[in-house]
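There are 2 protein chains.
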Amino acid sequence: MLVVQKYGGTSVADVDRIRNVAKRVISYREKGDKVVVVLSAMAGETDKLLNLAYSIDKFPDEREVDVLISTGEQVSSALLAIMLKNMLCDAVSMQGHQVRIVTDSSYTKARIATIEKDRLAAELDKGRVVVVSGFQGIDEKGDITTLGRGGSDTTAVALAAALQADICEIYTDVDGVYTTDPSVCHKARRLDKISYDEMLEMASLGAKVLQIRSVELAKKYNVPILVKTSFGDGPGTLVCKEGATMSMEKVVIAGVTYNKNEAKIVVRKVPDKPGMAAKIFTALSDAKIVVDVIVQNVSKKDKTDITFTVSRTDAKKAYKIMEEMAKKIGAAGVSIDEDIAKVSIVGSGMISHAGIASKMFAVLADEGINIKAITTSEIKLSCVVESKYGQLAVQSLHKAFGLDKEEIKEEM
Amino acid sequence: MLVVQKYGGTSVADVDRIRNVAKRVISYREKGDKVVVVLSAMAGETDKLLNLAYSIDKFPDEREVDVLISTGEQVSSALLAIMLKNMLCDAVSMQGHQVRIVTDSSYTKARIATIEKDRLAAELDKGRVVVVSGFQGIDEKGDITTLGRGGSDTTAVALAAALQADICEIYTDVDGVYTTDPSVCHKARRLDKISYDEMLEMASLGAKVLQIRSVELAKKYNVPILVKTSFGDGPGTLVCKEGATMSMEKVVIAGVTYNKNEAKIVVRKVPDKPGMAAKIFTALSDAKIVVDVIVQNVSKKDKTDITFTVSRTDAKKAYKIMEEMAKKIGAAGVSIDEDIAKVSIVGSGMISHAGIASKMFAVLADEGINIKAITTSEIKLSCVVESKYGQLAVQSLHKAFGLDKEEIKEEM
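In order, the protein sequences belong to chains A and B.
If you read the first sequence in the numbering used here, its first letter stands for residue 50, the second for the next number, and so on.
If you read the second sequence in the numbering used here, its first letter stands for residue 50, the second for the next number, and so on.
No wet-lab data here; the hints were simulated from the structure.
Please note that a few of the clues may not be correct.
[What the hints assert, rightly or not] Think about it this way: if two alpha-carbon atoms lie no more than 30 Å apart in a straight line, the pair counts; the simulated DSS-like pairs of lysine-lysine are:
| hint | chain 1 | residue 1 | chain 2 | residue 2 |
| --- | --- | --- | --- | --- |
| 1 | B | K80 | A | K175 |
| 2 | A | K190 | B | K190 |
| 3 | A | K318 | A | K365 |
| 4 | B | K72 | A | K97 |
| 5 | A | K107 | B | K80 |
Kindly produce the complete structure, drawing on both the sequences and the hints.
Structure representation (structure tokens):
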């Protein structure tokens, strides 16, 4: 087997934890596997370096920020290689410019273009563990780049794709992907398997286990990802494509997600003619405000209400922009509601199952929870509710869709 | 003018000091100079990283040690580039692999083979300050290497040589090269100029201002080095070849150096036949013991005494090896004297001046100081004396050779 293992910052936070990583790597080598290890910076290091940069400049030069913060991963890769050699396991560290992980030149958020696998493969063939610094690459000019927060996940999946690895294991401080946030619903259950699409919806909605780009990449190249804890031997969660090995039929819904950091803005009685929505959302995008849910209600008498949510930190700014916009386009007014939560159910099975939406609405109605906005995609259904009901909504939906621990007799 | 400036660890120890470095760089740019800056790691960082490695392995893998410790310089170069851009001075950082400072593969003590100057020169032509990480390079395989302690001095001189810079300025925490150690003789005087050869003797004898390799390199490529403090505006000391601009005639001796960290060992009555010295010094070198002074006294009755000094930390080990050796080669015995100091006078003018040696011996005799061993080179004369007389010897010689502050009316 060729295995790519990625360890996050908490897994390499100190020398003792690095020793544990080395032990795990060696246990794979002893089974005869070829192992590529991808590491993040030691916990806290990236922030420490960034704070140095910010103490000089609120908006430090981004090329130089990448030069600065890529050192964090360089340090961990060297330390693990030293540890492995100390434990008599042949190993070699490689930086982005040594592997040649070539990216575009979008400093601090670069995207991988190509990975040269020849030197990597040659080192593996010599029986060495190759320890690659995550998060970093190099552009065509030879400048150092980084892939953005969580970028080491993407490095790992990209390497796994390039090397056609059998599996990409992501070691983190949680033991897998859960049906919902265990802090919101104590009956949350670890999933044995989840599809790429479901994981994409779960990740973007707040189940922050994997960087979303890494899941997109894994889907594109069909790289199976196993999310595991580095602090034990749990089986973890396999993120893979839907297929024969998955019995998705029994459970239609994979998880329930919850986001209480949004605010809802309604622009009332917008004239119902072409170009209105474009004006509104261009103004927001010009102000660098990211819009999440967008709902345009049925129009009445040539007027329509446009509802959207933004992150709570952008709410005041978005509200002001909309007040001006309302005057300009002849809308009746703007209202803001910061007291909301967004609750979503995610599941690839949804699309082929009738009655999922009506069941969700019924569950919420039974609890006396009023729905303020609804959006749907093929595998996700989101409802905006009053924030005080958010947690209750998650718990009720989790139970109603058969996700609670007690009700599951066998694994999915 | 094309100027290469190197700043040591204390000059970039924190953000405020990095700001001062940026101010100085900008003042040169405003005069129209092209500037290349070479930086060390922030003070203490290299040791911090090394201690991490040593906490894993007493003898950590050297390739990986270089990967690890080269990050210190990468951090400082990025921070200075961020600072310069914040102060509206266009700048770009470059690592060893980006400049392509190509070295051999002797990890932790690599030697520079070639420097590609094209990208560097292109950046300078764009009006940018180029901030190069000192101490690091890359070998033919693309592995990261480092040049050994003080290696940033060598980086700076090598860049100055490659770019044919007008001057290489080395900023440090002292304001120049002194005639002797000011803590031993308070009348020590800063030299305005010193020749490469004198500086080589001064550096190796304990005036630890410049890495000795950087001086060798500067001599080879005739790069003028100006040693200055980064904490003020002193004129510093120019290290250059002897020539028309130097009036070396007036002062024959450039400085007096002092080393009290050696021990003297005498192997007595060694049979005076070929191969004896080779046997003795091969045994020491096999034990990785570095020998400094070697004196073979005139032989009497086919027997000769061989005297040498080693660092005090190696003294016990060297003594034991010599005891065995004495038996093997039929010498009479071995004696050790740890209570010594080595005092030397250095000066390019010595060779053409009669009477320097006799004057030195007379000065010491006048103070009642007995000389235990003498060695000479073309520009250096060293005497081993009892350690309690070391400081007195330095002060007396400093005065006798006209180096005291008060006696100098005009600069050399």
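Each hint, compared with the structure:
{"no.": "1", "hint": "K80/B / K175/A", "in the structure": "violated (55 Å)"}
{"no.": "2", "hint": "K190/A / K190/B", "in the structure": "holds (19 Å)"}
{"no.": "3", "hint": "K318/A / K365/A", "in the structure": "holds (21 Å)"}
{"no.": "4", "hint": "K72/B / K97/A", "in the structure": "holds (25 Å)"}
{"no.": "5", "hint": "K107/A / K80/B", "in the structure": "holds (29 Å)"}
In this structure, only the earlier hint numbered 1 is contradicted, and the remaining ones agree with it.
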